[in-house]
Amino acid sequence: MSGRSQAVSYLASSKYFWDAEIILRVFYEANAKIWLVCFVNEDERQGLAEEFWGDYSQMHNHKKAHRAGAAAEFLKRRGQKQNAEVIATLKNPAVFQFGSANKKTRKALEQKWSFTEIVKLLSKLPAKNQKLKDAPVLFHMYGQQSHLIHADDAALDLVLDRNLRSTEEKAALEASHLARIYSDQSSLWTLSAMALQFRYNQEPEDQNELEAKMEIIRKLAKPILVRFNETQEEFYQGINREDQSDLKSR
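Position 136 of the sequence shown, counting from 1, maps to 136 under the working numbering, and the rest follow consecutively.
Warning: the hint list may mix true and false statements.
Unchecked claim - The following label-pair restraints were derived from C-beta to C-beta distances:
(1) E168 / H60: 46 to 54 Å
(2) Q111 / R45: 19 to 27 Å
(3) K107 / Q144: 24 to 32 Å
(4) R218 / K107: 38 to 46 Å
What the hints assert, rightly or not - Simulated crosslink set (PhoX-like; lysine-lysine; CA at most 20 Å straight-line):
(5) K91 / K76
(6) K103 / K63
(7) K112 / K124
(8) K133 / K120
(9) K222 / K170
(10) K91 / K103
(11) K103 / K81
(12) K120 / K64
(13) K33 / K107
(14) K64 / K107
(15) K63 / K112
(16) K91 / K81
(17) K104 / K63
(18) K107 / K120
(19) K33 / K120
(20) K33 / K91
(21) K124 / K64
(22) K64 / K91
(23) K33 / K133
(24) K33 / K112
(25) K64 / K15
(26) K107 / K63
(27) K64 / K76
(28) K112 / K91
(29) K170 / K15
In case anyone wonders, no lab produced these hints; they're calculated from the structure. All C-beta atoms, glycine included, are put in the ideal place defined by N, C-alpha and C.
Take the sequences, apply the hints, and build the full model.
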């Protein structure tokens, strides 16, 4: 988490916003797994940890072994015997455990440990564990980051939209984007601190201090976000007026 967070900050401050978002998605994933293990009931934690290093690990070993065949054969044909042997090791049951789960079970396990499923579960936990009922709000940015990773049409739309803006508006947008990325990181770190406090039954003596630090970040970000929002106000008001006119004409 620390390494990915530092990479995000470095990329964002260097104006590599899209690259920062891609790494930020990894940061989301890492935090979510910590939240899951910390916030579930105590009698479930050990089982989750064992599943993570057991069945979940074996599922990944199975996927790597399946993919290794074609790569090893290709390297062998090209005379790269040593590299082929390294890749072929991924298929060796003496080195890796593959388990006996069928494809359906492996697929279900992979989905269970996905960011989306973890967040859905966390948002529905009992009241005493309920610290993340609003966690699904993370889905929006996580989805945008996924588009960037897959380089799909939505990702290209994001890049095109940025490049078509005026110099002044683009500067305000980039400042707002930077503020949001830093704010996201701070929020996720704070949630993980709360999760660890919950896990180890610590009295949240520094809860007020955590919230105060988050408030500082919000105050710093607010004028930057307001500045960009002001550049968009006329555009969205125009869209809303057109929608209302269209409804009246119907």
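Hinted pair K112 and K91, Cα distance within 20 Å: violated (25 Å)
Pair hint outcome, K120 versus K64 [Cα-Cα no greater than 20 Å]: violated (28 Å)
Satisfaction of hint between K76 and K64, Cα-Cα up to 20 Å: With Cα atoms ~18 Å apart, K64 and K76 stay inside 20 Å; holds.
Holds or violated: K64 to K15, with C-alpha atoms at most 20 Å apart: violated (35 Å)
20 Å Cα cutoff - pair K103, K81: Not OK: K103 and K81 at ~31 Å, beyond 20 Å, violated.
Given hint K63 paired with K107 - CA-CA distance at most 20 Å: holds (11 Å)
Proposed proximity, K91 with K64 (alpha carbon, max 20 Å): Cα-Cα ~8 Å, so holds.
Hint consistency between K63 and K112 [alpha-carbon to alpha-carbon, up to 20 Å]: holds (16 Å)
Satisfaction of hint between K133 and K33, Cα-Cα up to 20 Å: Holds: K33 and K133 sit about 16 Å apart, inside 20 Å.
K222 paired with K170 [C-alpha distance capped at 20 Å]: holds (18 Å)
Restraint check for K33 with K107, where alpha carbons must lie at most 20 Å apart: Holds, because 18 Å separates the two Cα atoms, which is no more than 20 Å.
Restraint check for K33 with K120, where alpha carbons must lie at most 20 Å apart: holds (12 Å)
The structure fails to meet hints 11, 12, 20, 21, 25 and 28 from the earlier list, while all remaining hints are met.
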